[in-house]
Amino acid sequence: MLNIGGLHEGVVIDHIKAGGAMQIYHYLNLEKIDSSVAIIKNAKSNKMGKKDIIKIEGPITVDLDLLAVLDDDITLNYIENDVIVKKRHPNLPETVTNIIKCKNPRCVTSSSSERGLAHTFKLTDRKHRIYRCIYCEQKFKGQL
Amino acid sequence: MKHLITPLDLSVHELDDLLALAGRIYRNKERYKKVCEGRKLASLFYEPSTRTRLSFEAAMMNLGGNVLGFSSADSSSVAKGESIADTIRVISYYADICAMRHPKEGAPLVASMYSGIPVINAGDGGHNHPTQTLTDLLTIKELKGDLNNLTIGVCGDLKFGRTVHSLINAMVRYKNIKFVMISPPELKIPDYLRRETLDAGNIPYTETSDFESVMPDLDILYMTRVQRERFFNEEDYIRLKDSFILDNNKLKNARKDMLILHPLPRVNEISTEVDSDPRAVYFKQAQYGVYLRMALIMKLLEIPDPYQKEELC
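First to last, the sequence lines map onto chains H and G.
With my numbering applied, the first sequence has no gaps in its numbers, which climb one by one up to 134 at the end.
With my numbering applied, the second sequence has no gaps in its numbers, which climb one by one up to 837 at the end.
Since the hints were derived computationally from the structure, they do not count as laboratory data.
Note that CB positions come from ideal geometry on N, CA and C, so glycine has one too.
Some hints could be false.
[What the hints assert, rightly or not] Partial list, computed: chain H residues near chain G (C-beta under 7 Å):
hint : residue
1    : His79
2    : Leu82
3    : Arg96
4    : Glu104
5    : Tyr125
Put together the whole structure using the sequences plus the hints.
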C-alpha cells in the first residue's frame, strides 16, 4: 500500500467515494490554500471496497461542513500532536453561498447586469440533501 | 417592512385579513379613495404587461395615490446595464412602494434585499405571480363565501402553468380541499408538486383526461391554456387541444353554483359562448384583482383601514 506520512496537525477527509477526491479538492478551493495537501485515490477500504482520502496539513480555514452537500457519509478526522482528537461527519449547512452555481438560464443570477450577486442555495429537504436556489428555486442535489 | 415576493409570504391569518380588507374595499369603494393621498407607486415593468400593470396602477389611483415608472426594459436604465440593486436603491427615494415585473426568476427578491420600500412581485418570468394567486383566492372567497370545503378542478397545462401550481400551494393550507387535475397525460402536474405538496400534506386528488365525467363534482373549475409549443409534435396537439376547450356542451352536467376561473389572457380554451353563463367569473376575477391590489398596497404601506371597526359594529 502507498505510504503517505502522518499529519502532526490537520484534517484527514476520509471515506470519500472512490473518484470523488478531485471534485472535493476543487469544491473546497483547496488549490488556493498554502497548506500541504495529499490526495490518495482508490485506497483499500473494508467498508467501501475503494475510497479516496484527502489530507490537509496545518490549521484549517475552509468550512468543511460544506462537504455534507456532496456526501454526508464522509468522515472528518481532526489531528493535533499526531493524535486524532475529533472524528465527525460534516453537518448539512442551512445555506451555501457562492459554492454551488445556479444553472437555470432564467434565474436572475444569470443576468449580465447583476454583477456580484451571490449564488445562494438553501437546504429544503435534509433527508434527501436537496438545496434550492433562493431566487428561482432551481433544485441542486449534490453527489460525488 | 414587508414585501410580497411569493404567494406563501403571507400566513393564513395575514391572508384572511388581506382578503377581508379587499372585500370591504370592494363593497365601499368611495370610502377608500383618499387613503393613499400623497403616496406614490413605482411601477417597474421590465417586460410588457397589460392587465397586471394597469391593475396595479388603477389600484393606486383608486386609493388617491400617484404612479410613476416604466413599462419596458428598453425605456429604463437597465438598457445601460444598471443592476436591479442600484435601480431599486434609487427608486426607494422616489416612491413609497413598488410593483416589479421582470423576465428573470428571482429579480423581485433581489430588489427586496436592497430596497428601502416594500416590493411587490408582479411576475418574475415563469416563476411566481403572487398577486394573481391572491386574486384567485379573493374571487373564490367573495363568490363562494369560504376557502374551505371545496373541490377544485384545474384544467389545461398543469405541467408548466405557474398559476395552477401557485393556486394548489395556496389552497392546500385550507380545510377539506380536494383537487381534480384535468389534463392530457403529457401535461400532468410535475412530480415535485405531487410529492412535496399533495402527498406530503395528504391532500386528496384525482387525475383524469376525461373533462366531462368529473364536471358534476366541481365547486371551482380553474381553466388554463394548452399551449401548442408544449407538445413534441403537431399531431398530439391537434388530437388533444379540443378535449380541453370548455364550451356550453361540456358545462351541461356542471353544478349550478360552480365557478369558472381563468387567469387570462384567454385564447381559445374557453369558447366565447361560455362568457354569458353566470358561472363564468373570469372577467369579474380581473375586477377583483384591482381590489386585491388596493388592499395589498394599504397593508404593505401599513395604512390602517379607517372603516374596519365600523363594519364590525
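Next on the checklist: Less than 7 Å between beta-carbons is the criterion; does Leu82 (chain H) satisfy it with respect to chain G?
Outcome noted: At 18 Å from the nearest chain G Cβ, Leu82 (chain H) fails the 7 Å test, so the hint is violated.
Next on the checklist: Hint Tyr125 (chain H) vs chain G: min CB-CB distance below 7 Å?
Outcome noted: At about 2 Å, which falls below the 7 Å cut-off, the nearest Cβ of chain G leaves the hint on Tyr125 (chain H) intact, so it holds.
Checklist entry - Holds or violated: is the Cβ of His79 (chain H) closer than 7 Å to a Cβ in chain G? => result violated, 26 Å
Next on the checklist: Hint Arg96 (chain H) vs chain G: min CB-CB distance below 7 Å?
Outcome noted: At 5 Å from the nearest chain G Cβ, Arg96 (chain H) passes the 7 Å test, so the hint holds.
Next on the checklist: A closest beta-carbon separation below 7 Å is what the hint needs, so does Glu104 (chain H) meet it against chain G?
Outcome noted: holds, 5 Å
Violation of the numbered hints given earlier is confined to hints 1 and 2; the remaining hints are satisfied by the structure.
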